[in-house]
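A.B. asks: So the protein lines, in turn, are chains A and B. Count along the first sequence from 1, then add 1127; that gives the number in the numbering used here. Count along the second sequence from 1, then add 7; that gives the number in the numbering used here.
No lab work stands behind these hints: they were computed from the structure. The beta-carbon is built from N, C-alpha and C at its ideal position, and this holds for glycine as well. There may be inaccurate statements among the hints.
[Said to hold, decoys possible] With a straight-line cut-off of 20 Å between C-alpha atoms, the simulated EDC-like cross-links for lysine to aspartate or glutamate are:
#1 A/Lys1303 to B/Glu90
#2 A/Lys1317 to B/Glu90
#3 B/Lys95 to A/Glu1309
#4 A/Lys1317 to B/Glu92
#5 B/Lys23 to A/Asp1304
#6 B/Lys135 to B/Glu146
#7 A/Lys1303 to B/Asp107
[Stated by the list, open to error] Covered by chain A, according to a simulated footprint, are these stretches of chain B (three or more residues, beta-carbon under 8 Å):
#8 93-103
#9 107-117
#10 122-128
Here are the chains, one letter per residue:
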Amino acid sequence: MESTYKKKSQIADVWSRFKRNKMALAGLIVLVVMIILAIFADVIADFETEVIRQNIPNRLQTPCAQHWFGTDEFGRDIFARIVHGTRISLQVGVISVGIALIVGGFLGAIAGFYGGAIDNVIMRIMDVFLAVPGMLLAIAIVAALGSSMTNLMVAVGISSMPSYARILRASVLSVKDMEFVEASRAIGAKNMTIIMSHIIPNSLAPVIVQSTLGVAGAILATAALSFIGLGIQPPNPEWGAMLSSGRAFMRDHPHVVLFPGLSIMLTILVLNMIGDGLRDALDPRLK
Amino acid sequence: MDNIQVSVENLVVEYKTEHGNVQAVNGVNIQVKKGKTLGIVGETGAGKTTTALAVLRLIPNPPGIVKSGKIIVDGEDISGKSEFEMNKIRGGIVSMIFQDPMTSLNPVLTVGDQIAESIGIHQGLSRKEAMKKAEEMLEMVGIPGYRSGEYPHQFSGGMKQRVGIAIALSCNPQLLIADEPTTALDVTIQAQVLQLMKSLRDQYGTSMIMITHDLGIVAEVCDDVAIMYGGRIIEQGTLEDIFKKTKHPYTEGLFNSLPNLANRTEKLKPIRGLMPDPARLPSGCVFHPRCLYAQEICQSRVPQRTDFSDTHMVCCLAYEEGTNIEVKGGGRIV
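Okay, chain A solo, but in the shape it has when bound (with noise of 0.2 Å):
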């Protein structure tokens, strides 16, 4: 009973400093609705009739009150289209950079606390990987693999991870010297105890900030991938994807491109904004 309690009010500790952040606060609102939309996306709009069914002659129609942010070259309602791209978008996004933390953190924060040789072996292989350019690497891989949604994944996470092994590397090296972690040992802990609840939650705050912009990064770097085909396959609708299509009628129809525009900048904000929350509602000290 009372670790339950007291684990809980771990959580609640964080939350209530989390609320106290307006901003933060607001983030997590606007995540919270286009989450919510994701899901029900179907229910909104259907997908064969509406988001991918062509319709020539309603082609490029101004936002009015049936197609509220227009219609595309093809004739699809615009707003159907990035209620849907929701979906790919947000899922590519966070699922890429979870990738992209837990393989390169982890990889980072062994080489930080090791040391010597498995260091070097594992910054050099980092390094490799960053010598490529991210964007070069993710088609190389998305090409050897195949496109689908999975491997777009996987190609956009290990195209990130030498920054994430990076980051968490250098500040394991800082905490690791510090007084706290020879206490751990001195209390008989084991390497990988002291890795996980001493360095690794004191090494958090430069990676969250940066997993939020990572996200950001991710949802673009997909939207490069399928403009190039590599990525989502038309006609389903990604962001990116609407974005580069609607690129040749930006000039005589700019809302083609203003709402897919809008949607990656608004999930980037709000997801900085949580970020920047998250980061300051984790460290106790911040209270």
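Take the given structure of chain A and dock chain B to it, following the hints.
C.D. replies: For chain B alone, coordinates are given in the frame of chain A:
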């Protein structure tokens, strides 16, 4: 030998640096008797902490290496033990209190979690039970148990050090190493923390190594005293031997550096000079450049141990055959 908790025999520790090897500890012998407290006294850099870390086999490697020496904890030589076995000793049989409570607690974990960590490792209790025990430990060091869910920054310095004591004592260790536990605290809190350590030590019969540079603390807490200088023990004895029958000029200098309470206007008489660079220790007696009584022979001949009684030994040429050095020595009031 039965009543010896820990013995360190002829310990030599070297740190490898760019400027050559530094002998941080050079042939140290200490013994801690069961239930007794040994004070290790010396200036910064004398090798006190290195000696203590060697007992837990926690000397950072690289750059530190234990060149030779035998460390026997609870009747067993620890040099051949695996890391797995060492982890059972660390915190379970021998635990340590660190110098600076501000940095020795993890800022992002609650104090309860940090006490429970040690309990969880050594006693295999569930999280719930460990948390309960952690609260009991907090009560024992005089902090209300309900504060176990709070973070280190919500505690004052003295309370943090008490949390450190609670962590160290949570698994009833047989030996407690206190590395200048009160250096970072102000005098009134020092007294509280020392009092607490003394009462807990007496309650549990724990042996203790008290590392300090404060002779006042030694007088209050310790049974035996070892004075370290330049990686060597230069005088060792019971509290009475050291305080009343001071032999070594360095020990004498330490006492002279204390303010005289009877005559408050009297000037302090500090030991002249500075601790030598451990990479370039002087030849002969390491203390000779600062010694008031040093003669020519001190520069070339290394002093050997001279025993005055079963308990009292000193390393100074003045007490060896064939030298003609006059040391005032003299006693202090404990």
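A.B. asks: For every hint, state whether the structure bears it out.
C.D. replies: Tested hints:
1. A/Lys1303 to B/Glu90: holds, 19 Å
2. A/Lys1317 to B/Glu90: Given that 20 Å is the threshold and the Cα spacing comes to 9 Å, the pair holds.
3. B/Lys95 to A/Glu1309: holds, 16 Å
4. A/Lys1317 to B/Glu92: Satisfied, since the Cα-Cα distance of roughly 11 Å is no more than 20 Å.
5. B/Lys23 to A/Asp1304: holds, 18 Å
6. B/Lys135 to B/Glu146: Satisfied, since the Cα-Cα distance of roughly 17 Å is no more than 20 Å.
7. A/Lys1303 to B/Asp107: holds, 16 Å
8. 93-103: holds (count 9)
9. 107-117: holds (count 9)
10. 122-128: holds (count 3)
Figure legend: structure checked against the earlier numbered hints; every hint is met.
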